[in-house]
Amino acid sequence: MDKKQKQPKILSADLNENIQNIKAVLPAEDILVYKFTSGDDVQCAAVYADGITDKELLGSLVARPLSLAKAPKTIAEAEKLLYFPESKEAEDVQAACGEILAGNPVLFVDGMGGGLVLGTKKVTLRAITEPQTAITVKGPREGFIEDVKTNMSLIRRRLKTPALRFKSMEVGRHSKTLVCVAYLDGIADEKVVKEIEQRISAVDIDGVPDSSYIAKFISKKPYSIFKQIGTTEKPDILCAKMLEGRVAILADGSPIALTVPYMLAEDFQSSQDYYISPFRATVSRILRMLAVFAALYLPAAYVAAELFKLQLIPLNLLLIISGGTQALALSPSLEMFFLLAVLEILIEASIRMPKYVALALSVIGALVLGDTAVKAGIVSSPAIIIVALSGISAYTVPDLTGTLSVLRLALVVVAGSIGTYGIILLTALILYYLISSDSYGTPLLAPFSPLIKRDLRDTVYKTDMYALDTRPAVFRGKNKTRLNVNNRQKEESDGQN
Amino acid sequence: MDKIKLRQICFLFAALMPVTKMIIYPATVSYYAKNDLLLSAALNLLLMGAVLALVLFLAYRTDMTFFDLLQNTFGRVAARIIYGLFALFFAFSALLPLMEQKGFVTQIFYENIPPVIAFAPFFGVSFFACVKGFKTIGRAADIAMPVFAVCFAVIILLALPEADFSALLPVGGGGEGIFRGSLYGLTWYTDCLYPLFFLGHFKREKGAWWKVGICYLVGAAAVLLFLGTFYGIFADIALRQQNAVAQISKYTTAFTSLGRIDLLFIFALALVLVLSQCVPAQLSVHCACRALGDIGPLWPAAALNILLLGFTVFFKYSYLELQTFFTQNLWFVFLIFSYVLPVSAHLLRKQERGRQGKTGGQKHGAQCGNRGARMKETRKGDTTGEERHE
Amino acid sequence: MNKFWSRIFLFAVAFLLLLFFSNDFGIVNIQKTAIVVAVGLDIADGDKVDVTAQIAMPASSNSGGGAEASSNVSIHGAATVGEAIAELNRKTGWYPTLVHCRLVVLGEGTDSEDVFRFSDYFLRSEFVEDSCLLAMCEGRAEELLRAKSSVGDMTSAAIAKVLSNESQKTGTVCVVNLRDFAKGYYSVSGSGALPVLSAKPEAESGDSGGAGGAQGAFAGDCGGFAGSSALPVQGSSGSGNSGAGGGKSGNQNKSDVFDATKTALFFGGKRTALLEAEETLAYNLAASPTDFAYGDVTVTENGKDVTYNLKMKIGKRSQDLTVEGGVPVFTFRIRANAQVADTNKSETIEEVAKTTIVPEHVLRAAEEKFRQKLSAVLKKANAGGCDLFEMKIKLYRFARPYFDALKDTVLQDAKVVYDIQFDTLK
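Protein chains in written order, with the numbering used here: chain A, 16 to 512; chain B, 2 to 391; chain C, 320 to 745.
The hints are all genuine.
Cut-off 30 Å, straight-line C-alpha distance, at most; resulting in silico cross-link-like pairs (BS3-like, lysine-lysine):
#, chain 1, residue 1, chain 2, residue 2
1, A, Lys468, B, Lys207
2, A, Lys256, A, Lys468
3, A, Lys137, A, Lys38
4, C, Lys699, C, Lys589
5, C, Lys351, A, Lys390
6, B, Lys212, A, Lys468
7, C, Lys322, A, Lys242
8, A, Lys236, B, Lys204
9, A, Lys164, A, Lys191
10, C, Lys351, B, Lys317
11, A, Lys236, C, Lys322
12, A, Lys136, A, Lys164
13, B, Lys212, A, Lys495
14, A, Lys209, B, Lys204
15, B, Lys204, A, Lys493
16, A, Lys103, A, Lys175
17, A, Lys495, B, Lys204
18, C, Lys664, C, Lys488
19, A, Lys103, A, Lys85
20, A, Lys24, A, Lys70
21, A, Lys231, C, Lys322
22, A, Lys493, B, Lys207
23, A, Lys24, A, Lys137
24, A, Lys495, B, Lys207
25, A, Lys206, B, Lys204
26, A, Lys191, A, Lys38
27, A, Lys468, A, Lys209
28, B, Lys212, A, Lys493
29, A, Lys206, A, Lys495
30, A, Lys493, A, Lys235
31, A, Lys468, B, Lys204
32, B, Lys204, A, Lys235
33, C, Lys322, A, Lys235
34, C, Lys726, C, Lys589
35, A, Lys206, A, Lys175
No wet-lab data here; the hints were simulated from the structure. All values reported here derive from a predicted model rather than from experimental measurement.
Looking at chain A on its own, in the form it has when it is part of the complex (with noise of 0.2 Å):
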């Protein structure tokens, strides 16, 4: 490959050229020039691309300036004429084109080598509101948008401490989607750090649309079902991930930020936990675990019982049961799996459904799939109430819903093939999945496996605050002191006194 052509542009004291040199790189019809004298009739010119860049700006800040004054011969002259908040200089071609990409224009002016760049970035956004997948009724609304400057941002605001790191890098050879890793010097471990700032840098891809990319990415068994990183929309929530100890990853164009090290007892964990009764909490807590519970073994349980163990059904219930599946015309497993199907199919399509035909949709759901199906001898009762409350069970932990949906339809299949001892079976196989898989040195299954007592105490049940006064033990920072109990007693005992 020719030598000249790796290397990268210079960019000359020639306007004309470089602006020929800009546009070659992209001929786009949305990379504009504007050009403008300056006040010594010097030809200036700023190419920006339209939609991205804050014209109002460029015009109010960089052309009406210069008009007024003489045309600056170095950068230096410029930024000293301009008082501009963001700028810096692109070396060359490549840098200049890169920069207009990102939507900050580049200054040119004749006879000044070099191009100026101006941060004028302006992107719609769209407002921030609360997350969909994380309604509280107590606690913080606010939820992470797009820009990853604007959830940078809404971090700095509840962490204002010189702690708080934030190191990016561009990823996707096209997108350059940037990407940030965020975390809080001297809680986070470092080792995970330098190993995601690795991964991440090694990632070789032409677009990163969303953070789920970066996700798989820095899994370990990217093609596990179950999670391997932790995700969250509420910068609260990501604030308490990081002041426990985990790094955080947010990536430019996604409202969903990263947390690594992830554990599967953070998914039952609500932020509204921490902001109501220590007791509501641990009820809600618990609710949560049985609801998932009965998510994923009530439909297999049903099966494997009329199939290969009607002992588990009470005589009086049996009754009921077998009197409405008499004249069934598949079997209780096939019944079954045609059910949870029709559930996944519904769920589905009321994501993307218009909302305009929610209701006829609603109405086809109850009334057809529900009662019409059983008076028509497709499916029972039984089945459609075990359905139902399976999944709508498994919509107390939103972000475990796939997992837990997989897992219910193989649970399904194993008890209707092997039987109550398969579902047993099954369930050990992913015990010693869980059990033997970590996330960046965290057990997945912590801190149930391996046991550690400390930890459980914001994990199966909720505790009172001040109980909560060292950091989780499975996470390997050095600061572990979060409450400092101690002054908070002599503080008492002084009021007291």
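Based on these hints, arrange chains B and C on the given structure of chain A.
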């Protein structure tokens, strides 16, 4: 990779050990010892406890693994041969419990299915577990402990109202039957061998003696309580109750509106049983890997599980004969491998403490460190150290 | 995920899906299953057995579910119970499952020889729970299982209610399950007891006077230390037919009530004696967990016979066997609290208000009555060799050195001591 924590060893004895003695063992020991089954079991438990204490003592005298000790004493080839023999023994000792579990599964879980289809998938799970190593033994024990504690408590609470403990009287009248029950029960008491293979794979902690001791006592008490309750419920028809754990709690729940709610807890205990049955297979694979020159676990695990599946199919109609053969004719094999050899390990040549171990122990994560670091035993909550999460 | 694990995974999934969708290895699921809820055994000619299975037949889902009907299927002349159960499949086309079998009824005649000749099938089978209730019946078990319950339940459900733990708590019924009976049979005592069921025809349904008539049928049992009378019933639609179709014809059909106040005593599997209702109550008060029993005591007050109906709660009960000077001494130790439930004389309002206090002479009369009945029970049992109060077992457990010498004569030679005290609230 092959790491286990002391706490997990404790849980192994508190949870995984008792559950294997709740299927056919109660009926078997009551056949020999009748109402003195507690004495029979207590003898076995005492013996096992003594061996366990000696193995723990050995762990405090050396940081080396059992393989390293054998290698030091007899050389590498002999050590591999001995490990090969242990691999065979673990596989051999797993066969009867597997058959037992198969019978339990087909009778309690099913009414109408070919047994092979019901039970064969167990070997898939066992294969997966064997490939994963020691770490999973310990972590499985962490999971098994609370499950066992809850389920065992519920089942015993449901069984206690029906138990008449005076059926255990008179004490000591069994005579020769007590010793026969102990001797022929040796096949169920091989758990004391496991810590020998954990040597060098766990960090000693302060108070390890009483921690392991208490957990062992808890497990032993669970076994004795179960046996006592079992005999209190069934008395003279005890030897008919093949699947004891599934029988003792049904009388309280049989006529309630919820029906056999105890079956759910029995199924959960079956999960603990699966985890406990995988342990000898995992250890067999571990020994086989070392015996065959530190190869990966994949092929030994596959071979072992296929072999065990084959034996299970071959002997599917011969459980009684197999049990009689194992218990009455081969009891000495269990005595030698599970009791005599672990105790004899004290005679093996240990390296002086403080010298670096440059053997395969390091390759498998053995804790051959310098004396100063090792003497400062790990305190509870210590967060330093590389391999913290076992 | 490397190739090896991918292939293993795919193979496992394919195999499971094949099993799942083919479902073709002999599984008998709920749609093909006959749920047997009760089994009756009768002796047939030539030492064969007639087996009657009561199968619960759920109504169709159109009727709203939950309605119970039952169907009785009888197999005559089978050599064993197992053979008869297998033949059920051939006769009905449905696979019988006995996991929900709650009741086994032994007809008259099965007790002439060892009842375990036939009923040990239920001990052998892993799929029949030995928690099922076991009972004898007057007449044929097949007839009993055809009886129509007056409260609309299946016959077996109605009988199970009569033999429930709640009934046992009142002491009127001796509730025995298969395990208890088998324990006694295989123990050193070789003895046991079973309730004897009988179906008494109730008045025609819809006639409220029938309730009184029903009670009248039991009036003869109410003298002395009587048990409680039958439940008053009105209007029944017949057992086993409580669905939509059953109601209309119910008005024309007679329904039955079940009585289980008599108890048969066994030794070596053979019946040796029969306890009447009062004796059953006395036995239960002494040996079974009873909470509240009712009994009548007649005393003479001012030259007139006054009957007190007492509500008794047994506080402490025990039976101990000791050997004193080579002689076995069997002690009944019973402490009970009583209160007056009713009398057949009118009392002042103060006396009615103090109904919980039983007069001293009534307490003593109750103690004497109980002693007499208990003694009668013991005599009946010992006469046939039935070790009803487990003397041999106690001898074995608590006085082992004397067991071999005394086991054959303990029933006859034991000196019985009655330490019975009734007390009242003060």
